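Produce the entire structure from the sequences given, and follow the hints as far as they go.
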Amino acid sequence: MKRREFIEKTAASTALLSLGLSLSSFETNEIKHLTVLHTNDVHSHIDPFPADDPRNPNKGGVSRRAALIETIRKENPNVLLLDAGDIFQGTPYFNYYGGELEFKLMSMMKYDASTIGNHDFDNGLDGLYAQMPHASFEFICSNYDFKNTIMNGLVKPYKIFNKNGIKVGVFGLGIELDGLVDKKMYKETVYNNPVEIAQDITQLLKKEEKCDLVICLSHLGYKYKEDATKICDLKLAELTQNIDLIIGGHTHTFLDKPTIVKNKAGENVLVNQVGCYGINLGRIDFYFDKNKSHTNQGKSIIV
Amino acid sequence: MVKLKKYNGFLKLFVIFLTLFFIFSCSPKNYNVTKIEGKQLPVTEKDNQTPEIENFIKPFRDHINKDLDNVLAYCPETLDKSTGKWQTNIGNLLADVCLQKGNQVFRAREKKDIDLCFLNHGGIRAILPVGNVTTRTAFEIMPFENNLVVLALKGDHILEMVNYMIKEKKPHPLAGMTFTITRDNSPKNILIQGKLLDTNKTYYVATNDYLANGGDSMNFFLKAVQKFDLNYKLRNVLIDYFKEVDTIPVPKDIRITEE
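If you're matching them up, the sequences are chains A and B in order.
Heads up, the first sequence is in UniProt numbering, so the first residue is 1 and it goes up one at a time.
Heads up, the second sequence is in UniProt numbering, so the first residue is 1 and it goes up one at a time.
Simulated from the structure, these hints should not be mistaken for lab results.
Every value quoted in this text rests on a predicted model; they were computed, and no experiment measured them.
Do not rely on the hints blindly, as some may be mistaken.
[Stated by the list, open to error] One-sided excerpt, in silico: chain B residues whose CB lies under 7 Å from chain A: (1) E37; (2) D47; (3) I64; (4) I181.
[Claimed, not checked] Cross-link-like lysine-lysine pairs, in silico, DSS-like; alpha carbons within 25 Å at most: (5) K235/A / K262/A; (6) K58/B / K59/A; (7) K46/B / K59/A; (8) K195/B / K223/B; (9) K257/A / K46/B; (10) K262/A / K35/B; (11) K207/A / K35/B; (12) K195/B / K299/A; (13) K154/B / K167/B; (14) K264/A / K46/B.
Even glycine gets a Cβ: it sits at the ideal position worked out from N, Cα and C.
Written out as structure tokens, the structure reads:
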């Protein structure tokens, strides 16, 4: 009987305790802070530009970027570090080592994920595959179907990161390969319509998976003046909903500040890109709370 | 069954607990974004180095630098792409080298000869400075990964190519062909390998894969009847050539003349 009494008491107190805890966790309105850091089109620029470079003297460099990221991590450990593709090609580091250093350094800086840019095919699918063991971060691309290639299973269509209780859904979009990348490089990789894919994935991430934040890593390009029909980040933002942030690449666009675009549902979407070659690091800070009364007030965006 | 009764109290409590637990855990727990701040942080010399990263890169950097600084040849004068109106010494050298090295591959593979080489002026990304020529020089002149390709072009389309050159007024690299521009801006005396252009003949033209795909609006290349990718990067063509020669010859011949 003593054993039963013990079980009853323990069960009761556990139940009460859990009840108390779960109630109390709803009473406090804790504000959560997530820092999204991002790069794009680094193109194998591991060393800073030399001091006599006519365009970007003394700019960039992985070692300095790592230090900057570390400083930010000390300030707020809740960091999501992302890249929007074209990690490869641009300096002899790539020609000599095929991207090994790029992936290893990104792993050392604790990148969470990257999408795939057209230049990441520059050594073919085999060249990309060969470097995969050097990357401890995720590769995310939703509209390239690698099913019939050597890369099958190595690239995720999306990934949900739990950052200190915040559910962040990240998906990726790649640019049309035909005409841009030699077929012998991308082989049987299938390019799917980015807008259609984005609509499906965002529905899944926001409605079914109930992500608090949805980020699109895009290598579609910011905008095409000469071809207004070509899909780009600004258009993608307008044509979709449930995306909070589009981190772009490909066009090497330097923006003074992130662009705010109204999406299909009339909500604000942030579109950002930070040029190229690791000259800049993008930083977007998100503040969250659970207070329901905020839901309809909207959010303040300071850029 | 009697024994179960004794558990009733516990069971009741357990059910209440479960119910409450599920009510709370099933209720939407979503966080709402209240504020977003975006900015761009420049990476400059003001940022510190990361010793761990520096130490990791150093052996790779040292190896590349040692290799890139390897002296391959000697250049007696600076070759520059801004040296002429219709041809430049560096452009002509590049076209000569591509024709010569490309022919080694093309002859071995296809048992045919390349007739001429035509590249783009914009593809030359640096000068070839006087003094020691290193692998780095080749990387600077030719940073892109373009392959050398050979296209089979009809004589008509060679004529289109000549008209393109006259219209563009740029000193594009050219080898294996010469012609004269008349006062009314039309071509005459077009010679390929020293023989007059035959518009019915098929010629083999070496160029890079970027142009072969119609880059720089070189649409005449899209009309090629056959295409051979030599799988030979232009930069490697250059490096292999530098390794072969001791002193770089400076091409001074006139390939395009104006009346």
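Problem - Hint check, failures only - result: 4, 12 and 14
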